[in-house]
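J.: From first to last, the protein sequence lines stand for chains A and B. So in UniProt numbering, the last spot in the first sequence is 641, and the numbers never skip. So in UniProt numbering, the last spot in the second sequence is 456, and the numbers never skip.
Be careful, since some hints might not be right.
[Stated by the list, open to error] Where chain B lies over chain A, by a calculated footprint (3+ residues, C-beta under 8 Å): (1) 275 to 289; (2) 340 to 350; (3) 373 to 379.
It is worth saying that the hints were derived from the structure and are not from the lab. C-beta: ideal position from N, C-alpha, C; glycine also.
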Amino acid sequence: MKREHQETEAGGGGGYHVATAGDMTGAKGKMTAGPSMGTEDDDCGVDELLAALGYKVRSSEMADVAQKLEQLEVAMASTAAAASDDASVLPQIASDTVHYDPSDLATWLDSMLSELNAPPPPLPPPPPVAASVHHHHHRFDVSTASAVSEPPAITTVAPLRPSDAYDFKPVPAPAAASGGRVVYGLDPQSEMIVSPRDQKRKRTCSPSSSSSRGAEAGRARGSRTEGASSAKPAAAVPVVVVDTQESGIRLVHALMACAEAVQQENLKAADALVKHISVLAASQDGPMRKVAGYFAAAIARRIYRRRPLSQVDRALDSPALDDLLHGHFYESCPYLKFAHFTANQAILEAFSSCRRVHVIDFGMRQGLQWPALLQALALRPEGPPSLRLTGIGPPQSDHSDALQQVGWKLAMLAKSIGVDFRYRGFVASSLADLESRMLLERDGNEGDRDDEGEEEAVAVNSVMELHRLLARTGALEKVLRMVLAVRPRIVTVVEEEANHNGGTFLDRFTEALHYYSSMFDSLEGSGGQAAEAGEEEQQQHRAMAEAYLGRQICNVVACEGAERTERHETLGQWRGRMARAGFEPAHLGSNAFKQASMLLALYAGGDGFRVEETDGCLTLGWHTRPLIATSAWRVSAAATR
Amino acid sequence: MTQFTRSAPPPPPLHPNGVGLCLAMDASKPSLYRSRPWPGLPVSSESLGSLNSVNCMEQLLVQCANAIESNDATLAQQILWVLNNIAPPDGDSNQRLTSAFLRALIARASKTGSCKMLTAVAARADADLALHVHRFSVIDLASFIDLTPWHRFGYTAANAAIAEAVEGVPAIHIVDLTTTHCMQMPTLIDLLANRPEGPPLIRLTVPSLTTTAPPPPMLDMSYDELGSRLVNFARSRNVAMEFMVIPSDPSDAFDSLIEQLRVQRLVSEDEVVIVNCQMLLHYIPEETVGAIATTMSVNSPTLSLRKMFLEALRGLEPTLVTVVDEDADFTESDLVGRLRSAFNYLWIPYDTVDTFLPRGSERRRWYEAGVRWKIENVIAQEGLQRVERVEPKGRWAQRMRAAGFRSAGFTEEAAAEVKSMLDEHAAGWGLKKEEEELVLTWKGHNVVFAAAWVPC
Numbered sequence: 001m002k003r004e005h006q007e008t009e010a011g012g013g014g015g016y017h018v019a020t021a022g023d024m025t026g027a028k029g030k031m032t033a034g035p036s037m038g039t040e041d042d043d044c045g046v047d048e049l050l051a052a053l054g055y056k057v058r059s060s061e062m063a064d065v066a067q068k069l070e071q072l073e074v075a076m077a078s079t080a081a082a083a084s085d086d087a088s089v090l091p092q093i094a095s096d097t098v099h100y101d102p103s104d105l106a107t108w109l110d111s112m113l114s115e116l117n118a119p120p121p122p123l124p125p126p127p128p129v130a131a132s133v134h135h136h137h138h139r140f141d142v143s144t145a146s147a148v149s150e151p152p153a154i155t156t157v158a159p160l161r162p163s164d165a166y167d168f169k170p171v172p173a174p175a176a177a178s179g180g181r182v183v184y185g186l187d188p189q190s191e192m193i194v195s196p197r198d199q200k201r202k203r204t205c206s207p208s209s210s211s212s213r214g215a216e217a218g219r220a221r222g223s224r225t226e227g228a229s230s231a232k233p234a235a236a237v238p239v240v241v242v243d244t245q246e247s248g249i250r251l252v253h254a255l256m257a258c259a260e261a262v263q264q265e266n267l268k269a270a271d272a273l274v275k276h277i278s279v280l281a282a283s284q285d286g287p288m289r290k291v292a293g294y295f296a297a298a299i300a301r302r303i304y305r306r307r308p309l310s311q312v313d314r315a316l317d318s319p320a321l322d323d324l325l326h327g328h329f330y331e332s333c334p335y336l337k338f339a340h341f342t343a344n345q346a347i348l349e350a351f352s353s354c355r356r357v358h359v360i361d362f363g364m365r366q367g368l369q370w371p372a373l374l375q376a377l378a379l380r381p382e383g384p385p386s387l388r389l390t391g392i393g394p395p396q397s398d399h400s401d402a403l404q405q406v407g408w409k410l411a412m413l414a415k416s417i418g419v420d421f422r423y424r425g426f427v428a429s430s431l432a433d434l435e436s437r438m439l440l441e442r443d444g445n446e447g448d449r450d451d452e453g454e455e456e457a458v459a460v461n462s463v464m465e466l467h468r469l470l471a472r473t474g475a476l477e478k479v480l481r482m483v484l485a486v487r488p489r490i491v492t493v494v495e496e497e498a499n500h501n502g503g504t505f506l507d508r509f510t511e512a513l514h515y516y517s518s519m520f521d522s523l524e525g526s527g528g529q530a531a532e533a534g535e536e537e538q539q540q541h542r543a544m545a546e547a548y549l550g551r552q553i554c555n556v557v558a559c560e561g562a563e564r565t566e567r568h569e570t571l572g573q574w575r576g577r578m579a580r581a582g583f584e585p586a587h588l589g590s591n592a593f594k595q596a597s598m599l600l601a602l603y604a605g606g607d608g609f610r611v612e613e614t615d616g617c618l619t620l621g622w623h624t625r626p627l628i629a630t631s632a633w634r635v636s637a638a639a640t641r
Numbered sequence: 001m002t003q004f005t006r007s008a009p010p011p012p013p014l015h016p017n018g019v020g021l022c023l024a025m026d027a028s029k030p031s032l033y034r035s036r037p038w039p040g041l042p043v044s045s046e047s048l049g050s051l052n053s054v055n056c057m058e059q060l061l062v063q064c065a066n067a068i069e070s071n072d073a074t075l076a077q078q079i080l081w082v083l084n085n086i087a088p089p090d091g092d093s094n095q096r097l098t099s100a101f102l103r104a105l106i107a108r109a110s111k112t113g114s115c116k117m118l119t120a121v122a123a124r125a126d127a128d129l130a131l132h133v134h135r136f137s138v139i140d141l142a143s144f145i146d147l148t149p150w151h152r153f154g155y156t157a158a159n160a161a162i163a164e165a166v167e168g169v170p171a172i173h174i175v176d177l178t179t180t181h182c183m184q185m186p187t188l189i190d191l192l193a194n195r196p197e198g199p200p201l202i203r204l205t206v207p208s209l210t211t212t213a214p215p216p217p218m219l220d221m222s223y224d225e226l227g228s229r230l231v232n233f234a235r236s237r238n239v240a241m242e243f244m245v246i247p248s249d250p251s252d253a254f255d256s257l258i259e260q261l262r263v264q265r266l267v268s269e270d271e272v273v274i275v276n277c278q279m280l281l282h283y284i285p286e287e288t289v290g291a292i293a294t295t296m297s298v299n300s301p302t303l304s305l306r307k308m309f310l311e312a313l314r315g316l317e318p319t320l321v322t323v324v325d326e327d328a329d330f331t332e333s334d335l336v337g338r339l340r341s342a343f344n345y346l347w348i349p350y351d352t353v354d355t356f357l358p359r360g361s362e363r364r365r366w367y368e369a370g371v372r373w374k375i376e377n378v379i380a381q382e383g384l385q386r387v388e389r390v391e392p393k394g395r396w397a398q399r400m401r402a403a404g405f406r407s408a409g410f411t412e413e414a415a416a417e418v419k420s421m422l423d424e425h426a427a428g429w430g431l432k433k434e435e436e437e438l439v440l441t442w443k444g445h446n447v448v449f450a451a452a453w454v455p456c
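Whole structure, please, built from the sequences with the hints as guidance.
T.: Structure, rendered in structure tokens:
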């Protein structure tokens with residue numbers, strides 16, 4: 001049975017269809033999230049990956065699109081080579097860059113191809129479909145080197161040779177040129193193929209080197225390009241068979257170059273690069289392709305300044321959809337489970353022997369964290385306490401009371417296991433809108449002490465919520481003051497372990513690219529855990545989890561100002577903020593470490609996950625890279641006074 | 001802007017068909033919420049309705065076992081987390097019981113994985129267990145076993161039956177099938193040494209288990225050494241005794257032992273054969289092991305090693321076969337069924353231990369390690385490695401009858417012996433007679449049964 005969730009908005013045009021999890025048995029792994037606008041049919045089978053990137057491609061058209069991508073790539077290369085002196089060869093790229101929104105990939109490809117086809121250029125025969133997207137070996141005709149030098153008023157990038165990938169730099173051009181072009185040309189000295197190992201090393205280029213390259217690029221802007229013309233003649237350049245790893249490195253470099261161009265506000269170059277990235281990404285497999293796709297989509301969004309948000313975007317911004325994706329992220333990898341176990345451990349231990357306890361959850365969502373704590377409290381040796389839970393969540397776009405429903409389910413669980421339970425939901429668009437007295441407010445017949453005068457023990461729990469407050473000046477400080485005012489016994493904080501909130505755009509981009517590459521890698525790595533229990537289901541969870549992370553990538557890369565809410569900061573930075581706000585660290589016990597390790601060991605799937613303890617905080621990472629961190633805090637002695 | 005939602009909402013209408021509230025609520029809202037709103041813990045008030053914490057723990061263990069068996073990692077992790085927090089390994093008896101099952105489930109889960117961290121966890125658990133499996137000296141083991149009627153009950157009942165069966169017999173051959181390293185024999189030798197007609201000649205044959213990981217308790221000496229001690233002890237009581245060790249194993253129904261006994265039977269026909277089975281028979285694989293039947297290359301596909309062994313015993317024309325074993329059923333193929341059945345039996349050793357060993361004592365650690373060994377074997381092992389295949393007394397009685405034995409029962413004197421032995425122990429122990437068998441009880445629950453069988 002198909003259930004639809006029809007959003008009813010004042011405008012009437014904002015309806016959207018989202019397949020619920022239950023619907024996906026029929027169309028596995030497909031999630032439709034497109035604008036309906038009254039014309040779109042429900043199960044249109046829009047490719048979910050591309051859809052998540054903002055591309056609307058029907059599955060039925062996938063082969064076609066892939067083939068066109070291939071054609072386009074070849075066409076771009078050969079046309080450029082054949083007409084190296086023709087300024088109008090790539091008019092679309094030349095003049096229309098900023099207007100192209102690749103949301104509709106198929107149409108864009110069509111138009112690109114038609115541009116290239118008429119007047120008929122020597123298009124090679126279309127390659128077989130099978131040779132397109134999923135091919136590990138991809139042929140690049142690199143005869144374009146000389147072509148890029150000529151066309152005036154064109155900002156473009158030649159399809160890159162392997163050598164470009166590690167020696168990617170703007171080529172200073174003679175003064176005769178018209179303005180507004182940068183050519184990322186080829187260094188003729190670096191023709192040799194570098195082993196993948198070397199390339200890997202080079203791939204981790206430091207931000208400083210990339211920004212210096214960016215500066216060069218900036219200097220190069222407006223000057224004529226001649227470097228490429230000094231490269232070898234097209235005919236002399238051999239056709240190179242590129243393996244996926246190699247093109248993966250090129251992809252990363254193209255992404256970095258694109259971000260650089262964005263930072264330099266060279267949008268034309270960025271535009272050309274972002275299109276090139278789409279082509280490169282299509283030749284990739286696995287996590288790299290996905291992560292590059294999300295970054296490309298995000299940076300494209302930044303370039304094309306897709307604001308105000310379209311209806312699709314607004315649909316995608318619905319908290320209900322976010323909760324849905326969050327749920328899949330929870331299922332498919334250990335990060336949120338780790339967050340919940342470690343935070344719950346600290347809360348459970350802090351509540352030890354307390355008869356009246358109160359948990360304030362800054363991000364209730366579907367309440368996934370609480371059944372386990374309820375159960376543990378119910379069966380603790382000293383008997384269950386009376387538990388108050390205050391859940392905070394954003395307003396729902398359909399004005400449904402999601403918070404209340406979650407509370408209901410928890411209340412029923414509590415009843416069935418004999419825990420005295422009270423629940424209160426607060427709808428708030430920002431935590432900064434709350435006041436401490438609201439959180440502590442009680443029903444009339446309750447005192448703040450029980451018969452024996454025991455005060456309520458309060459825990460404040462925030463799983464990946466605090467960083468959002470950094471988007472508004474003073475908001476975090478206000479919230480932390482509020483937390484201080486409720487006099488919590490424990491404050492548990494889980495945050496992404498990354499700095500996505502400092503430095504230049506390029507720094508942020510680089511950091512995010514590394515961070516999310518590890519994340520996507522680990523998603524792939526944690527796939528083993530349920531291999532037997534339904535590969536399909538696991539695939540579905542993973543695709544949705546990727547979409548969840550993709551939204552974060554989009555926010556980090558494409559948004560600025562108050563809209564940029566994914567302002568992750570590192571544990572060190574949080575330590576500073578918490579200390580300044582009057583909190584001192586409460587060490588997470590070795591028990592929490594052991595538990596987290598054991599649970600991960602049992603079910604994390606791959607060997608790549610690592611739990612580490614640093615100064616009383618726990619991190620979970622993928623190989624050597626910590627990705628999320630749990631810390632616990634209490635009101636410092638100084639702040640108590 | 002904030003919006004306050006009332007904290008005490010009115011109860012939602014119950015679905016007319018009585019199906020859970022969650023279902024009704026989900027149906028009322030065609031939302032984006034997933035079909036399984038709680039990847040967490042069971043919400044059904046039916047499953048966790050009782051506030052009795054032992055029941056809750058059993059329920060959680062069952063849910064955990066189900067989650068592990070169905071590869072539901074999320075649920076398994078959540079329940080493991082809860083159990084870890086509510087069942088400390090040094091808590092009260094129920095917590096320790098739960099903790100032992102929890103560890104066994106973790107061991108099971110870790111055996112199915114291939115992760116390195118996992119194997120490390122499993123290895124650590126094994127090392128932990130091995131560390132606590134103590135090697136006893138004979139003296140220590142004797143007094144250790146005397147702490148509780150668990151084994152003493154069977155010893156006493158069997159000794160009384162044996163003494164009666166060999167009245168006036170000059171030469172007896174005792175086959176002692178036991179996990180407790182002949183600890184019953186000194187008492188029996190003593191008993192026979194003092195009988196009015198004078199002591200018989202005793203031949204004692206025991207199998208020494210060839211398996212690499214025999215069940216505890218373990219002895220710190222070889223069976224040859226043990227034998228010479230027993231012979232010396234018998235001599236001190238003016239009893240002539242021969243001791244023979246046959247390397248043999250329950251996994252092949254004690255094949256080599258049976259062979260040896262057949263030969264022995266041919267050369268000394270006038271000997272009376274007594275087979276004393278003390279909690280060892282359940283290590284012979286029963287029918288649900290399945291796979292062995294084919295590897296044994298016997299024509300019958302429904303081959304049962306237990307059946308085969310009992311028929312072989314019957315062929316020896318023994319004067320008496322005593323069968324003592326734990327009255328429980330650990331043979332279900334289904335993990336959850338086995339878990340429930342083991343949980344509802346093995347609480348007894350944890351419950352009783354407080355009556356005879358102080359907390360924190362070394363011997364208590366050894367004792368509980370023995371129980372944990374059982375739990376781990378029942379829960380975490382499969383196939384031939386799962387050796388704790390205890391069957392209830394009714395099923396053994398069926399098997400004995402099918403092999404051509406009839407119940408000989410116990411005399412009033414035997415029962416009185418057992419009763420007076422129980423008087424030395426805590427008040428919770430009891431004795432009851434079911435059909436012709438004696439049953440040791442703890443707080444009314446069957447613990448161990450003793451039966452005496454003779455050929456039809």
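J.: Quick check: which numbered hints come out false for this structure?
T.: As far as the earlier hints go, only 1 is violated by this structure.
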